[in-house]
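Participant: Single-letter residue listing:
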Amino acid sequence: MSTQHTSTQHTKTDRGTGGSTSSPVLDVVDLRVRFETDRGVVRAVEGVTFELHAGETVGLVGESGSGKSVTNLALLGLLPRPPAVVEAARAALLGRDLLRLSPRELRAVRGREIALIFQDPMTALNPFLTIGRQLGEVLETHENATRDAARSRARSALADVGIPDPDRIVDAYPHEMSGGMRQRAMIAMALLCKPKVLIADEPTTALDVTVQAQILELLRDVQRRHGTGIVLVTHSLGVVAGTCDRVLVMYAGRVVETASTARLFESPLHPYTRGLMASVPSLTGDPRARLASIPGTPPDPAAPLPGCAFAPRCSVAIERCGRDVPALDRIVLRGDEGQRAAACFVAGAELAGGSANGTTTGAKNARQDVDFGATGAAP
Amino acid sequence: MTPLLSVRDLVKRFPVGRRGWFARDPRHVTAVDGVSFDVERGGALGLVGESGSGKSTTARMLVGLIEATSGSIRLDGDELVGLSRSGWLPHRRRVQMIFQDPYASLDPRQTVMSILTEPMTIHALGKPRERLVRALGLLEAVGLSARHARRYPHEFSGGQRQRVGIARALALEPELLVCDEPVSALDVSIQAQIVNLFKDLQERFGLAYVFIAHDLAVVRSLCDRVAVLYLGRVVEEAPRDVLFAAPAHPYTRALLSAVPVADPAVERRRERIVLAGDPPSPASPPSGCSFHPRCPVRASVPDDRCARERPHPLPVAAANDARAACHLVETSTVRAT
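In the order they appear, the protein sequences are chains A and B.
The first sequence: position 188 = 188 (the working numbering), numbered continuously.
The second sequence: position 222 = 601 (the working numbering), numbered continuously.
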């Protein structure tokens with residue numbers, strides 16, 4: 001990672017200055033998704049850019065309707081077109097443009113090079129087939145395995161994800177398993193062909209906390225062993241803190257802030273990120289205190305307002321916020337590895353010392369000068 | 380003084396399966412297996428536990444949605460178990476319920492005004508005009524306004540719908556609100572708004588809560604006592620500050636250690652007790668202590684007692700009003716670590 005940026009800069013997010021050594025396994029630039037419906041155009045994702053490297057976990061955080069799931073479904077070609085229209089300057093998986101693949105090529109890629117796990121394993125597993133058959137089909141499709149070979153590999157894949165009795169489960173139907181076991185089976189299925197990229201969409205949201213801890217541990221273990229790149233979609237900042245290397249915070253279809261996990265939690269820049277962190281109740285601190293909350297509700301994607309989508313709920317919004325959409329400007333701070341950006345006129349200007357091109361303001365000092373209202377990131 | 384709500388040895392068994400179809404099917408599933416707790420006036424008891432622990436079944440018995448198999452539920456000294464439908468009616472307005480899913484618990488064809496006045500009409504509270512005035516007051520109390528009164532549930536966001544559900548529950552001036560996962564379907568930023576609303580209402584109306592949530596941090600911010608359920612039994616019950624600072628039962632400790640903390644520095648350092656296996660099914664509960672197959676410290680109890688003998692709730696050393704059901708608590712080694 002680059003260390004040559006020792007002063008605060010403020011430049012347009014452009015590619016090629018990230019300073020990463022290896023080429024990314026997933027490289028997305030300016031992804032846009034809109035739904036053209038009878039009742040108008042809904043812009044669900046407006047310009048999402050990120051890189052995922054081997055062995056890395058990138059978190060996509062945001063509330064319902066922020067576009068985090070649509071981003072992934074669009075990359076995997078799983079949105080019905082029409083009504084969806086998907087565009088991107090680049091959406092490359094191992095150098096191949098996902099958006100230019102034919103349906104047939106896409107089917108060959110999905111499951112082999114990029115795999116998806118969902119919140120609810122019952123939506124991914126076929127209730128009429130045994131677990132062994134479903135896993136076997138993946139191998140027969142992608143690797144021309146014979147039925148017997150497929151079955152024995154399915155069995156060992158189940159053992160790999162910590163299913164205690166794989167010989168029995170290989171012949172079981174999904175409904176005969178607990179939620180945690182189904183989630184493990186789905187993960188086993190996703191990992192069969194050792195994909196380079198795993199997209200995990202709220203993989204633990206439906207699970208009990210003790211089982212959630214097991215599944216997150218399993219994902220970390222898989223990543224260590226195979227160097228899988230993971231895109232983790234979640235609304236839980238706790239899950240992000242424990243699993244992700246970098247985070248993209250999404251609001252109303254846009255990335256409003258991106259940073260390494262450590263930096264994001266240490267000094268969130270965007271008022272939405274700050275509000276989100278402050279509104280999570282913690283297991284420490286004064287339980288009698290009121291929770292900080294973000295007033296209002298997320299905007300209706302079918303009726304967007306001009307300007308920054310967060311402005312109506314923002315405690316530091318200025319007049320310009322209701323007029324212009326702030327760009328996701330890269331903010332290079334000391335020790336930030338050049339990977340930090342926020343889409344906010346106020347946070348951006350303050351950090352840059354009041355001018356868009358200003359330099360050398362320590363992040364910490366600048367931050368204390370900004371009154372973000374009742375925020376203050378959770379300790 | 381008698382507590383507002385006093386629950387003793389509450390049991391619920393559900394019949395399962397068609398007998399004879401599956402030989403190993405038991406005839407009953409015990410969802411709630413002897414639960415006891417008190418809720419003081421204006422107090423808030425959190426019920427925490429995983430799926431199948433019996434939290435929701437307990438909640439539904441408290442409001443009379445399902446009938447208890449045995450045990451006692453006393454509201455202000457009056458026994459509720461065994462009452463007929465009509466016997467329940469005078470008590471029902473004193474105990475109201477709030478559900479997880481505000482989408483499913485409001486009638487899509489009723490306006491908000493009609494949703495709020497209906498319970499008052501059923502319970503013959505006030506004249507029609509007074510009901511309208513009161514409904515407007517309720518909207519204000521939950522952070523909505525008169526302009527929302529003519530709208531239908533689908534016109535609201537999730538958080539606003541939950542506010543309507545809360546206003547409806549308040550329409551009958553209850554003393555106790557039973558809330559079953561009332562914020563878990565909401566986005567994080569909205570969840571904080573609703574938790575704050577619960578705090579405000581408690582202060583303003585002196586409400587008591589039985590508050591069910593799987594999110595322990597939410598429970599901690601609202602409840603002054605917490606009962607931890609595992610497979611239909613209370614394994615630990617204690618004042619909030621005792622339970623979160625010094626959990627006595629190994630299950631409570633595992634549960635607390637599994638909660639993800641929104642702080643990467645803490646997440647890197649902390650030692651997590653990752654439990655093996657899944658929560659067991661109430662259809663085939665383990666012998667002895669139902670937690671023993673997953674318990675990380677059962678080896679510390681001699682003679683495999685945990686697999687043979689069911690532990691009873693006993694006071695724990697840290698506080699005189701805390702109890703835990705664990706053989707180790709008896710020998711008081713758990714808290715020493």
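Any given hint could turn out to be false.
Stated by the list, open to error - Here are the simulated lysine to any residue pairs, SDA-like style, with alpha carbons at most 20 Å apart:
#: 1; chain 1: A; residue 1: Lys196; chain 2: A; residue 2: Gly77
#: 2; chain 1: A; residue 1: Lys196; chain 2: A; residue 2: Thr141
#: 3; chain 1: A; residue 1: Lys194; chain 2: A; residue 2: Pro299
#: 4; chain 1: A; residue 1: Lys196; chain 2: A; residue 2: Asn72
#: 5; chain 1: B; residue 1: Lys578; chain 2: A; residue 2: Asp286
#: 6; chain 1: B; residue 1: Lys578; chain 2: A; residue 2: Pro287
#: 7; chain 1: A; residue 1: Lys196; chain 2: A; residue 2: Pro287
#: 8; chain 1: A; residue 1: Lys194; chain 2: A; residue 2: Leu106
#: 9; chain 1: B; residue 1: Lys578; chain 2: B; residue 2: Arg473
#: 10; chain 1: A; residue 1: Lys196; chain 2: A; residue 2: Glu105
#: 11; chain 1: A; residue 1: Lys194; chain 2: A; residue 2: Leu94
#: 12; chain 1: B; residue 1: Lys578; chain 2: A; residue 2: Glu105
#: 13; chain 1: B; residue 1: Lys578; chain 2: A; residue 2: Lys194
#: 14; chain 1: B; residue 1: Lys578; chain 2: A; residue 2: Ser282
#: 15; chain 1: B; residue 1: Lys578; chain 2: A; residue 2: Ala289
#: 16; chain 1: B; residue 1: Lys578; chain 2: A; residue 2: Gly285
#: 17; chain 1: A; residue 1: Lys194; chain 2: A; residue 2: Asn72
#: 18; chain 1: A; residue 1: Lys196; chain 2: A; residue 2: Asp160
#: 19; chain 1: B; residue 1: Lys578; chain 2: A; residue 2: Arg107
#: 20; chain 1: B; residue 1: Lys506; chain 2: B; residue 2: Pro487
#: 21; chain 1: B; residue 1: Lys578; chain 2: B; residue 2: Gly421
#: 22; chain 1: A; residue 1: Lys196; chain 2: A; residue 2: Arg153
#: 23; chain 1: B; residue 1: Lys578; chain 2: A; residue 2: Arg288
#: 24; chain 1: B; residue 1: Lys578; chain 2: B; residue 2: Glu554
#: 25; chain 1: B; residue 1: Lys578; chain 2: B; residue 2: Glu419
#: 26; chain 1: A; residue 1: Lys196; chain 2: A; residue 2: Arg224
#: 27; chain 1: B; residue 1: Lys578; chain 2: B; residue 2: Ala625
If you are wondering where the hints come from, they were derived from the structure by calculation, not from laboratory data.
Quick caveat, the model's predicted, so the values are computed rather than measured.
Participant: Each hint needs a verdict: does it hold in this structure or not?
Facilitator: These are the hints, each one checked on the structure:
1. A:Lys196 to A:Gly77: Within the cut-off at roughly 17 Å; holds.
2. A:Lys196 to A:Thr141: 18 Å, holds
3. A:Lys194 to A:Pro299: Given that 20 Å is the threshold and the Cα spacing comes to 39 Å, the pair is violated.
4. A:Lys196 to A:Asn72: OK: Lys196 (chain A) and Asn72 (chain A) at ~15 Å, within 20 Å.
5. B:Lys578 to A:Asp286: Holds, because 14 Å separates the two Cα atoms, which is no more than 20 Å.
6. B:Lys578 to A:Pro287: 11 Å, holds
7. A:Lys196 to A:Pro287: Distance ~43 Å between Lys196 (chain A) and Pro287 (chain A) Cα, so the pair is violated.
8. A:Lys194 to A:Leu106: With a Cα-Cα distance of about 17 Å, the restraint between Lys194 (chain A) and Leu106 (chain A) holds, given a limit of 20 Å.
9. B:Lys578 to B:Arg473: Between Lys578 (chain B) and Arg473 (chain B) the Cα gap is close to 19 Å, so the pair holds against 20 Å.
10. A:Lys196 to A:Glu105: Status holds; Cα separation ~17 Å.
11. A:Lys194 to A:Leu94: It holds: about 14 Å lies between the C-alpha atoms, which stays within 20 Å.
12. B:Lys578 to A:Glu105: Since the Cα atoms of Lys578 (chain B) and Glu105 (chain A) sit roughly 55 Å apart, the hinted pair is violated (cutoff 20 Å).
13. B:Lys578 to A:Lys194: 49 Å, violated
14. B:Lys578 to A:Ser282: Given pair Lys578 (chain B), Ser282 (chain A) holds - Cα atoms ~16 Å apart, limit 20 Å.
15. B:Lys578 to A:Ala289: Within the cut-off at roughly 10 Å; holds.
16. B:Lys578 to A:Gly285: 17 Å, holds
17. A:Lys194 to A:Asn72: 19 Å, holds
18. A:Lys196 to A:Asp160: It holds: about 17 Å lies between the C-alpha atoms, which stays within 20 Å.
19. B:Lys578 to A:Arg107: Distance ~52 Å between Lys578 (chain B) and Arg107 (chain A) Cα, so the pair is violated.
20. B:Lys506 to B:Pro487: 25 Å, violated
21. B:Lys578 to B:Gly421: Judged against 20 Å, a Cα distance of about 11 Å means the pair holds.
22. A:Lys196 to A:Arg153: 19 Å, holds
23. B:Lys578 to A:Arg288: 9 Å, holds
24. B:Lys578 to B:Glu554: At roughly 14 Å apart (the allowed maximum being 20 Å), Glu554 (chain B) and Lys578 (chain B) satisfy the hint.
25. B:Lys578 to B:Glu419: OK: Lys578 (chain B) and Glu419 (chain B) at ~16 Å, within 20 Å.
26. A:Lys196 to A:Arg224: Satisfied, since the Cα-Cα distance of roughly 12 Å is no more than 20 Å.
27. B:Lys578 to B:Ala625: 25 Å, violated
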